[in-house]
Amino acid sequence: MAEILRYDRVDIAYNGRRVVTGVSFDLQPGEILGIVGESGSGKSTVIKAAMGLLGPSGQVTRGDIWYKGKDLPDLSPGEMRRLNGPELGMIFQSAGASFCPIRTVGAQLYESMTEHESVTKADFTHRACALLQKIGFEDGMRILNSYPFELSGGMQQRVGIAAAMLLNPSVLFADEPTSALDVSVQKQVVEEMLLVRESFGTSIVIVTHNIGVIGAMADNVLVMKDGQMVEYGKTRQVLDDPREAYTQTLMAAVPRLMR
Amino acid sequence: MQPILKVENLTKVFKSSGRPDFTAVDHIGFELMPGECLGLIGESGSGKSTVANLITRLTDMSEGKVILDGQDISRLSGRGLRDAYRKMQMVFQTPTESFDPRRSLGDGIGESLRNLGQSRAEVKARVGSLLTQCGLTPDFAGRYPHQVSGGQCQRAAIARAIAIEPRLLICDEATSALDVTIQKEVVQLLGRLREQLHLSILFICHDIALVQQFCDRVLVMYKGKIVEEGVPDAVIRNPRNEYTKRLIESIL
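Protein chains in written order, with this note's numbering: chain A, 1226 to 1484; chain B, 4 to 255.
Since the hints were derived computationally from the structure, they do not count as laboratory data.
It is possible that part of the hints are untrue.
As the list claims (entries may be wrong) - Simulated pairs of lysine to aspartate or glutamate, EDC-like, Cα-Cα distance not exceeding 16 Å:
| hint | chain 1 | residue 1 | chain 2 | residue 2 |
| --- | --- | --- | --- | --- |
| 1 | A | LYS1459 | A | GLU1469 |
| 2 | A | LYS1412 | B | GLU46 |
| 3 | A | LYS1450 | B | ASP182 |
Please model the entire structure based on the sequences and the hints provided.
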């Protein structure tokens, strides 16, 4: 099967200083790729590059990011805007903070949807409620009529997933989606992302420092350190039998529950 | 043997106008023996940090008693409280924020020693050896919190906490903000200091696996109450409380 996303020897620099060097990987349709590494390893930068979210000081200085025959770093802001949302979705670490605090969740989801397709309010409500129900909210209307601060951190995070999924993107980028959550809610969010893949065939790139989350959902893992790829392979092989010394150190440092 | 810390009936009710009262800590009691490392786990909002703040008197309690080394410190203030802090120190979650941004790390670490009347030269020498003991070099004394990494700053915070040779260390998510490799080093440092200085530790943490590795005994908090208590291995393998069961099943 042809890959849906392909990073080809990508270098990324902020203000001319290179922070990511030579990152290459392929993402198949329906694949979940985990990117792990410590703070400052460049893992978030890698996915921001695909979304065009590097900001004015950041730039892809070498290599290509191919998505459906398009080289993402070469696209104009207008073209990028058309892709972001319906094709490439993103979930942030604190989804609650990415909502506007003074408008209801429903109004904001409706706005994001009308930006990309013509949809009636009734049709939107129907689709949003169906999606919210799928990710574990019994009463979708109550969520849509809520303000972000009326929802708990875990609920906000799940609404963030819903916001990204509403446009049914082919690739979902998730930047530390569970790091701010308690373990019980974390498990819920992981299960919902797995359900999203199962229901829609979405490919997911998840960036996290949480090895447990990677073990529970990723097919493949890419380990990063100081902006470089240290190891890339099947999840079980990288987690249980790492080849590189750094990955071994990292895995040995993870506290494991002995049941 | 007398417990180093005894908490009786400890309660905190937060009152705010227009809202119902919120009981963050609900009549809890426990003992911490000298040299023991006691873990306190629970999800966010369960009241763990409030417990730490009540014991250290950073928040006023609504009800109950905190007995430190045989002395009731629940109502102390001023000099009495300062004396209590010679026996009890705290390490916080965000090391960078726990230091004054305008003062050097050495200044922060040596503050308690200067307050005890030690001379500048004595304090300087002691700060240098404390930093070395915590895996840094004496030149870190001249650096500012923003000039060091999170892990280095937490080592400095630990140096500050052990400066006046307390008997009890209260660690509130002291390693949660650190990368796992750094977390491992800081936990090893705490373990070593515990042996060397015969410290008792109250280790507040949401990572059950880490508590299992590091603590002798664990308390599980849920909605302000202690719902389970025991040796970590026993609690994890055979949780009796419904909530504890759910918590352990959630671990990926």
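Hint-by-hint comparison with the structure:
Between the alpha carbons of LYS1459(A) and GLU1469(A) the distance comes to roughly 14 Å, so the proposed pair stays at or under 16 Å and holds. Taking the CA atoms of LYS1412(A) and GLU46(B), the gap is near 13 Å; set against the 16 Å cutoff, the hint holds. Taking the CA atoms of LYS1450(A) and ASP182(B), the gap is near 12 Å; set against the 16 Å cutoff, the hint holds.
Checked against the numbered hints above, the structure breaks none of them.
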